[in-house]
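Participant: The lines below spell out each chain.
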Amino acid sequence: MSIRFCGLELAHPIINGSGTFDAIAAFRVFGEGLRGAFPFAAYVSKTITLEPRAGNPPPRLWEAPAGLINSIGLPNKGLGDYLLEDLPLLADMSTDPSGAGDSQAVPLITNVMGSNAEEISRLLEACDERPEISAIELNVSCPNVHTGLDIGADPRQLEQVVRAVRGRTGKPLIVKLTPNTADVALCARAAQEGGADAVSLINTLRAMALAPNPLSRPPRPWLGGVTGGLSGPAVRAVALAQVAAVAARVAIPVIGMGGVQSAAHARELIDVGATLVAVGTASFLDPAAGARIAAALHAGTAP
Amino acid sequence: MSIRFCGLELAHPIINGSGTFDAIAAFRVFGEGLRGAFPFAAYVSKTITLEPRAGNPPPRLWEAPAGLINSIGLPNKGLGDYLLEDLPLLADMSTDPSGAGDSQAVPLITNVMGSNAEEISRLLEACDERPEISAIELNVSCPNVHTGLDIGADPRQLEQVVRAVRGRTGKPLIVKLTPNTADVALCARAAQEGGADAVSLINTLRAMALAPNPLSRPPRPWLGGVTGGLSGPAVRAVALAQVAAVAARVAIPVIGMGGVQSAAHARELIDVGATLVAVGTASFLDPAAGARIAAALHAGTAP
Amino acid sequence: MSQAPFGRRLLRVTSTDELGAYRVLRVADPHGPKPRAGQFAMLAAAEHWGGGREQRPYLPRAFSIARHSGGEAHFLLEDVGPGTKRLCELEAGDRLWALGPLGRGFTAPPEDLRAILVGGGVGIAPLAILQDAIAAPVTVLLGFRDRAHAQGATLLDSARVATDDGSVGHRGLVTELLASEIERDPCAVVYACGPAGMLEGVRALCARTGTPAQLALEAGMACGFGACFGCAVPRRGGGYLRVCLDGPVFDAGELERIDEHAGLSEVGQPV
Amino acid sequence: MSQAPFGRRLLRVTSTDELGAYRVLRVADPHGPKPRAGQFAMLAAAEHWGGGREQRPYLPRAFSIARHSGGEAHFLLEDVGPGTKRLCELEAGDRLWALGPLGRGFTAPPEDLRAILVGGGVGIAPLAILQDAIAAPVTVLLGFRDRAHAQGATLLDSARVATDDGSVGHRGLVTELLASEIERDPCAVVYACGPAGMLEGVRALCARTGTPAQLALEAGMACGFGACFGCAVPRRGGGYLRVCLDGPVFDAGELERIDEHAGLSEVGQPV
Ligand SMILES: Cc1cc2nc3c(=O)[nH]c(=O)nc-3n(C[C@H](O)[C@H](O)[C@H](O)COP(=O)(O)OP(=O)(O)OC[C@H]3O[C@@H](n4cnc5c(N)ncnc54)[C@H](O)[C@@H]3O)c2cc1C
Ligand SMILES: Cc1cc2nc3c(=O)[nH]c(=O)nc-3n(C[C@H](O)[C@H](O)[C@H](O)COP(=O)(O)OP(=O)(O)OC[C@H]3O[C@@H](n4cnc5c(N)ncnc54)[C@H](O)[C@@H]3O)c2cc1C
Ligand SMILES: Cc1cc2nc3c(=O)[nH]c(=O)nc-3n(C[C@H](O)[C@H](O)[C@H](O)COP(=O)(O)O)c2cc1C
Ligand SMILES: Cc1cc2nc3c(=O)[nH]c(=O)nc-3n(C[C@H](O)[C@H](O)[C@H](O)COP(=O)(O)O)c2cc1C
Ligand code: FES
Ligand code: FES
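For the protein sequence lines, the chains are E, H, D and G, in the order given. In terms of this note's numbering, the first sequence has 143 at position 143, counting the first letter as 1, and numbering is strictly consecutive. In terms of this note's numbering, the second sequence has 247 at position 247, counting the first letter as 1, and numbering is strictly consecutive. In terms of this note's numbering, the third sequence has 27 at position 27, counting the first letter as 1, and numbering is strictly consecutive. In terms of this note's numbering, the fourth sequence has 118 at position 118, counting the first letter as 1, and numbering is strictly consecutive.
Chain E with its partners taken away, still in its complex shape:
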């Protein structure tokens, strides 16, 4: 079931969605044994920015019908500390999809975000120097940060930015598209024209929730970040439509995600053209969801 993706050799097609699995935290909680039995074929980091970010004030979560709204706000320690402290901890992970002990390396994909080409260039250059990093995912789609949305939603701007930063790294560059746009396939083509090696989608849909108190007038938003992003089963049909639309219009590989909870769901994204499938919110229900899905895909069963 081994898969080639942008020159990487992956044990299976299931990876994690950025920001939905903290491998370092998972080692603390579940033990170092996880390092040799990692649930994902590649590990995508949470979004890293140049400067450290604390993230949004709580509350950051709201449970929606068959979904989750988050307004996390990209907390991260910033590029410098990420490279210094986290990278060593993220090296040497491996996965054992068949459970037969023939484990395979888990490449690290670092997800980065910057508010303009200059910032992104610095992020790419820094990542480019580090052998622990196998590929870079550029987040142009986070709905919680204004600029992220704007760059990614406008094909022209997106193409310019990707073209401007493309030369800064020789590593594979994945552009993570925003779903909050009129024609995601146009954005995907723009990323391809700009030089992206792959695109990934969908990120979360812009969403909102009010505090659940009909008596405390005036009404107020529940989330500390006011709006958030919707993920989980509720968005799966939207993801399928967007992934299909993109895969039909680009020549580069596509990482599909959005609401995947089972191997059948992963298979559907692959059916419409995805090369890899990322599992996000489903990991919150079960940290081993990725492993279960990969195993079921491997076995050809569909649970």
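I should point out that these hints are in silico values taken from the structure, not numbers from a laboratory. Treat the hints loosely; a few may be bogus.
Derived Cβ-Cβ restraints for the label pairs, each shown as a range [claimed, not checked]:
| id | chain 1 | residue 1 | chain 2 | residue 2 | range |
| --- | --- | --- | --- | --- | --- |
| 1 | E | Arg130 | H | Pro219 | 36 to 42 angstroms |
| 2 | D | Glu256 | G | Lys85 | 46 to 52 angstroms |
| 3 | G | Glu254 | D | Arg12 | 52 to 58 angstroms |
| 4 | H | Pro219 | E | Pro88 | 41 to 47 angstroms |
| 5 | D | Asp146 | E | Ala248 | 40 to 46 angstroms |
Far from chain G, some chain E residues (derived; all Cβ distances over 12 angstroms) [unchecked claim]:
| id | residue |
| --- | --- |
| 6 | Lys77 |
| 7 | Leu87 |
| 8 | Pro131 |
Where is the CB? At the ideal position from N, CA and C, for every residue including glycine.
Add chains H, D and G with the ligands to chain E, keeping to what the hints say.
Facilitator: Showing chains H, D and G with the ligands alone in chain E's frame:
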């Protein structure tokens, strides 16, 4: 609880979403008594086009997590037969929100769609002549028909079209926006600048489903129309975000909809700035949903 | 058509029984109007409707009224997915939401014509109430996949049975029984409900032999009362009909070739 | 911290009991590691999780392990919403998904300091297992809203109780009992869990009196294992802590003022 909306006097703030309640069919199924106890304060017709449309081939429905995907394809008898056959049947409806027998007229809002300004102009002119029609809703957002999407998703084009057709009717003109756009508030402003008297949102989110058979390779889309639109609870948080964003940016009244199933949900849309709330998919679970929600809003309770 | 009360109503399950591979659900509906044979209701469990891994069902589900007596409506259920599974779990005392009776039912046969009722699988349900409604003796031909399903035949009187595996009655298709019945005595009117393939077989046979036929169709439904336009089937001569409003019972002549989406789908054979 | 097995596991409910306004759920967990006091588990019913009008719960829910013995974990539940409602419905034999034990638990008191356990409402749960774990006698102060809730106090030994309505024990806040305890004998370490208001009262009081305190916090959680960054509470001096990973038990000194989102919310008082 009586509400003024674009010069109309409505018994309460709950109306139906276009295409989710066929009043004429309902009279057949539930009897003429319904005419005096209509669940909605105004009745919005299904989208009418110049020429008759058969709609998309079946299957047209797919049940999604906490939602519904439809690919109905705007079947309608065309403007001529609508005016000739349906209008007389839609006159004289009234609603009795308090159940106290003080019933109030149910104005008719005719929803129309055309693929260019010329077609839309003809639709508006024809509607303008008919006293049975109290307002016109212009659908620029249907995800199943290519042009509908394109006009509505691009603010510049939208403004041009609305401005071009605006003069063709003296009746209130509501523009129903598409949610499948990068910045719905920009589109709403464009509609306002073009001369719309109100905007309504959200229409369905572009979505897709595959036929549920892992064995019948190659995989194929389930829906006869290939893609469809997602509605119901799954989209409510997206609707809340879009309605809030629009209401904060326009001066004209807003009709909010998307996933409303209870008075609490309706209240939230009103809280973020909607003047009226439309109930769509919830009517499929219970044709009296609109009446129940209006009554609960009226009573100030929140079931 | 019998008009339905406006709005869904909360009803109580009075009893449930296994009937081979099926489940019979009896529901107290003291104030509901008496349905016509062939009408249906939209049902949803009042508790625990939805959720789980697939987060379905969300919408109510359509079921033929299989019988109606003493203020009780009977339904025949087959567990084929999350909605029917939940309804099959219901026990006496549990409650469900119901809307109906809905749709256009069967039209009684003219005096001089013998009625032949042809059912396949769970599609036998509306034929039971139809048999109750027709005073004259009728011919009942029912097709099932195997013995467990064939037990459903006891819902009707004097049924002749065909099974795919030959475990009960004729081995083969119920349409084969129908063909020889029509050959034996062509003065008949056929009433049929079942999987798409069976209905198409009946339609084609009746068209060929000039036998009048009323076919009860299925279609994925969201609303059941004409609101969503989701339950379309092709109309002969172009355009579409709404199964919930214009049907579910149609004169065979109104219909085009019946495709896979318009019959009661076979268990485990998602179309 | 006790490390959790990777992946959720399916466990069987062995018994459930009413305890006043609460429900005690006992779950067989023969292979789960022994938890530390203050740790929690993420639970979800295996059947009928979600659906209904609000189409929730979707995510699992966090619950303190209230006791652990003989391969059984005990939980104390209060029905405050769709998730707890469903878990409160479970009966012996039913199954649920569990992930855990998770989080950082309480640290045992130094030999020379008396432990004062301060609990509010359902926040008494982690104090029960803490009392089991501390060999020396401890002082237990529990606050409840009324008599029905105060029955929860029997989960611990020798508790002194305060109720809002005075129906049992001291009329007033449990922090009032704590204040006089600290005044009487300041050589104490405080362990507290309960609503945000109570925790903030405890934190402020202990800060004023220089009493060391460990506070078990709540926060809305999606994952429970540090993956989502959703359970943030402000860290003293800036930034945020993850309740599930850095807590749920914190030294009071690590925390800012405890706001409404960080305590166990009161029933019917959605924050
Ligand atoms: C007029 C009428 C009368 C009926 N009478 C009866 C009756 O008397 N007894 C009876 O048992 N049944 C009857 N049915 C059929 C019954 O309504 C369906 O079996 C039921 O809706 C299935 O629901 P489910 O949730 O159990 O399964 P689902 O999984 O919803 O449906 C099973 C089939 O639907 C399709 N499907 C799968 N996933 C989806 C999805 N996400 N969205 C849409 N379709 C999907 C597939 O084709 C699958 O085989 C009748 C239907 C109609 C229209
Ligand atoms: C570490 C920890 C330990 C805990 N231990 C226990 C315990 O031992 N016993 C116990 O009974 N409880 C415990 N809790 C609390 C328990 O997890 C919550 O009561 C439970 O999650 C509520 O879920 P619900 O579905 O019943 O109610 P919900 O409705 O999900 O939650 C109730 C509260 O959540 C908020 N809310 C309402 N709607 C939403 C929404 N859509 N999305 C997000 N928030 C919403 C409101 O503030 C409401 O008051 C603990 C929590 C944590 C974090
Ligand atoms: C709590 C949470 C945090 C996320 N953080 C990030 C992030 O830091 N960077 C990013 O590119 N995407 C982020 N995402 C988006 C996911 O990677 C994924 O695109 C999205 O959740 C859809 O997949 P899912 O439905 O499987 O969760 C986050 C999603 C969630 C739910
Ligand atoms: C079956 C169906 C048919 C619809 N047809 C139309 C239509 O003809 N014209 C239109 O403007 N919107 C149409 N809509 C969109 C609804 O009016 C509404 O905008 C959308 O469903 C969101 O609301 P809801 O979640 O309450 O259903 C349709 C929606 C559904 C589900
Ligand atoms: S099921 Fe909605 S129109 Fe027939
Ligand atoms: S609950 Fe997800 S990080 Fe704490």
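Participant: Evaluate each hint against the coordinates.
Facilitator: Going down the list of hints, with the structure as the test:
1. Arg130(E) - Pro219(H): 36 to 42 angstroms: Between Arg130(E) and Pro219(H), where Cβ atoms are some 39 angstroms apart, the hint holds.
2. Glu256(D) - Lys85(G): 46 to 52 angstroms: holds, 49 angstroms
3. Glu254(G) - Arg12(D): 52 to 58 angstroms: Between Glu254(G) and Arg12(D), where Cβ atoms are some 55 angstroms apart, the hint holds.
4. Pro219(H) - Pro88(E): 41 to 47 angstroms: holds, 42 angstroms
5. Asp146(D) - Ala248(E): 40 to 46 angstroms: holds, 43 angstroms
6. Lys77: violated, 10 angstroms
7. Leu87: holds, 18 angstroms
8. Pro131: holds, 26 angstroms
Violated hint for the displayed structure: number 6, the only one.
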